[in-house]
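Enquirer: Under this note's numbering, residues 1 to 272 are what the sequence shown spells out, in order.
All clues given are correct.
Dumping the calculated DSBU-like pairs for lysine-lysine here, alpha-carbon to alpha-carbon at most 30 Å: (1) K73 <-> K186; (2) K189 <-> K221; (3) K74 <-> K186; (4) K73 <-> K85; (5) K154 <-> K240; (6) K192 <-> K73; (7) K73 <-> K240; (8) K192 <-> K74; (9) K154 <-> K85; (10) K237 <-> K73; (11) K120 <-> K154; (12) K145 <-> K240; (13) K120 <-> K85; (14) K235 <-> K73; (15) K74 <-> K237; (16) K189 <-> K73; (17) K73 <-> K221; (18) K186 <-> K48; (19) K48 <-> K240; (20) K120 <-> K265; (21) K154 <-> K189; (22) K154 <-> K235; (23) K73 <-> K48; (24) K85 <-> K145; (25) K74 <-> K221; (26) K265 <-> K85; (27) K235 <-> K145; (28) K48 <-> K221; (29) K154 <-> K221; (30) K154 <-> K173; (31) K221 <-> K192.
Derived Cβ-Cβ restraints for the label pairs, each shown as a range: (32) E106 <-> G232: 26 to 34 Å; (33) D118 <-> D78: 21 to 29 Å; (34) S142 <-> G115: 17 to 25 Å; (35) N267 <-> E93: 17 to 25 Å; (36) K87 <-> L62: 20 to 28 Å.
Source of the hints: derived by calculation from the structure; they are not laboratory data. Note that the structure is predicted; figures quoted are calculated from it, not measured. We put the beta carbon where it would ideally sit given N, CA and C, even for glycine.
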Amino acid sequence: MTATESFGAGRPQRRVFMGAMAAAGAAFLSGQPVAMSSDETGAEHPLKPALRVARDAHRRVLQMSGYECIFAKKEVVDDDLISQKMKLKIRHEPFSVYMLFQDPREGREVIFVSGQNDNKLLVHETGLASLIGTLSLSPEDSRVKAENRYPITKAGMANMVQAVIEQWEVESKYGECDVKYFSDAKIEKYEKYNCRVIESSHPEPRRQFPFQITRLWIDEKTQLPVRVQQFGFPKKKDAKPPVIEDYLFTDVQPDLRLTDSDFDKDNPAYNF
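Using the sequences and the hints, build the whole thing.
Expert: What follows is the structure, encoded as structure tokens:
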């Protein structure tokens with residue numbers, strides 16, 4: 001298949017997409033699909049319009065000095081699917097992160113500030129583990145990597161979207177790419193959000209395609225990127241594409257003026 005031949009995404013009926021969603025084991029989407037075909041874009045690769053949307057979403061995130069949210073993630077680490085949910089504070093300059101875990105390890109706190117604390121994480125556990133006090137760990141420490149696919153330096157919406165942008169920039173050099181757009185999509189258990197979804201997919205595993213399906217969710221109200229889903233290529237014929245990464249930001253409080261105190265272990269509201 002040539003690159004030009006693979007640009008056409010067709011015009012899928014909604015029932016076809018819903019069947020594919022069920023097969024992938026993904027969250028239900030109620031939006032209407034609109035496919036991007038080569039006839040509509042000329043010689044332009046179908047990922048080029050998707051990249052423009054992703055870059056715009058990335059700019060919107062960086063326009064905020066900081067924000068708070070609830071962050072839920074599912075990701076494969078060493079062949080295990082790990083799920084975590086936490087309260088998250090992000091400040092972009094200097095890059096700063098505060099995490100308060102909700103499930104599992106409720107009460108665990110993590111602080112990271114670029115250029116401070118020897119560029120290490122400060123970690124406070126709960127229960128008996130709290131007796132050892134605050135831990136100072138490298139982002140690449142094996143104990144940290146055992147629970148995380150990426151280091152804390154990649155946390156937050158901006159880094160999440162930047163990873164998709166970099167992926168799509170590489171994939172836009174090749175064919176065998178299908179892109180669909182969905183409006184008024186719903187996130188399971190978060191029906192208050194109406195989202196636009198861009199979905200890219202590839203029919204066959206290739207060296208240049210790390211995932212079979214990528215979905216970028218953008219909140220219609222705030223125009224912020226609130227979710228990224230990545231599905232791998234199934235290892236067996238007719239098997240479901242497995243979830244590799246699923247990152248979700250909800251209850252976003254945008255453009256907060258977070259201060260140094262928000263990322264200080266001596267903050268009286270924290271339990272370090």
